[in-house]
Amino acid sequence: MRKKEDLPTKTCPVCARPFAWRRKWARDWEQVIYCSARCRSMAKCASAKKI
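The sequence shown begins at 1 in full-length UniProt numbering and counts up by one.
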């Protein structure tokens, strides 16, 4: 069993919080950008407001 500290991490560009690898992201970890659906939707709203 792996410890949480041993898992790869990334930083969310919206909330600037670190998040760790999850089993459900195993296939597409390289494409994961946001830590949650909320941050993903906030990024879309923010980019729409800039236009």
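Hints were generated in silico from the structure; no laboratory data involved.
Note that this is a predicted model, so its numbers are computed, not measured.
Among the hints, a few may not be true.
The calculated lysine to aspartate or glutamate pairs, modelled on DMTMM-like cross-linking and capped at a C-alpha distance of 20 Å, are [what the hints assert, rightly or not]: (1) Lys24 x Glu5; (2) Lys44 x Asp6; (3) Lys24 x Asp6; (4) Lys4 x Glu30; (5) Lys10 x Glu30; (6) Lys10 x Asp28.
Derived Cβ-Cβ restraints for the label pairs, each shown as a range [stated by the list, open to error]: (7) Ala46 x Lys3: 30 to 40 Å; (8) Lys3 x Arg27: 19 to 29 Å; (9) Lys3 x Cys45: 31 to 41 Å; (10) Lys44 x Lys3: 27 to 37 Å.
Even for Gly, the Cβ is constructed at its ideal location relative to N, Cα and C.
Quick rundown of the hints versus the structure:
Straight-line distance between C-alpha atoms of lysine 24 and glutamate 5 comes to about 18 Å, which keeps the hinted pair within the 20 Å bound. A threshold of 20 Å between alpha carbons decides the hint, and for lysine 44 with aspartate 6 the separation of about 31 Å lies outside it, so the pair is violated. Annotation: proposed proximity of lysine 24 to aspartate 6 holds, straight-line Cα distance about 17 Å (limit 20 Å). With a C-alpha separation of about 19 Å, the suggested pairing of lysine 4 with glutamate 30 holds against the 20 Å cut-off.
Of the pairs offered as hints, the one joining lysine 10 and glutamate 30 holds, with about 10 Å between alpha carbons and a cut-off of 20 Å not exceeded. Between lysine 10 and aspartate 28 the CA atoms are separated by roughly 13 Å; this keeps the pair inside 20 Å, and the hint holds. With their beta carbons about 35 Å apart, alanine 46 and lysine 3 fall inside the hinted range of 30 to 40 Å. Taking 19 to 29 Å as the suggested C-beta distance range, the pair lysine 3 and arginine 27 conforms, at roughly 22 Å.
The hinted range of 31 to 41 Å is satisfied by lysine 3 and cysteine 45, whose Cβ atoms lie roughly 36 Å apart. Taking the beta carbon of each, lysine 44 and lysine 3 are about 34 Å apart, inside 27 to 37 Å as hinted.
In this structure, only the earlier hint numbered 2 is contradicted, and the remaining ones agree with it.
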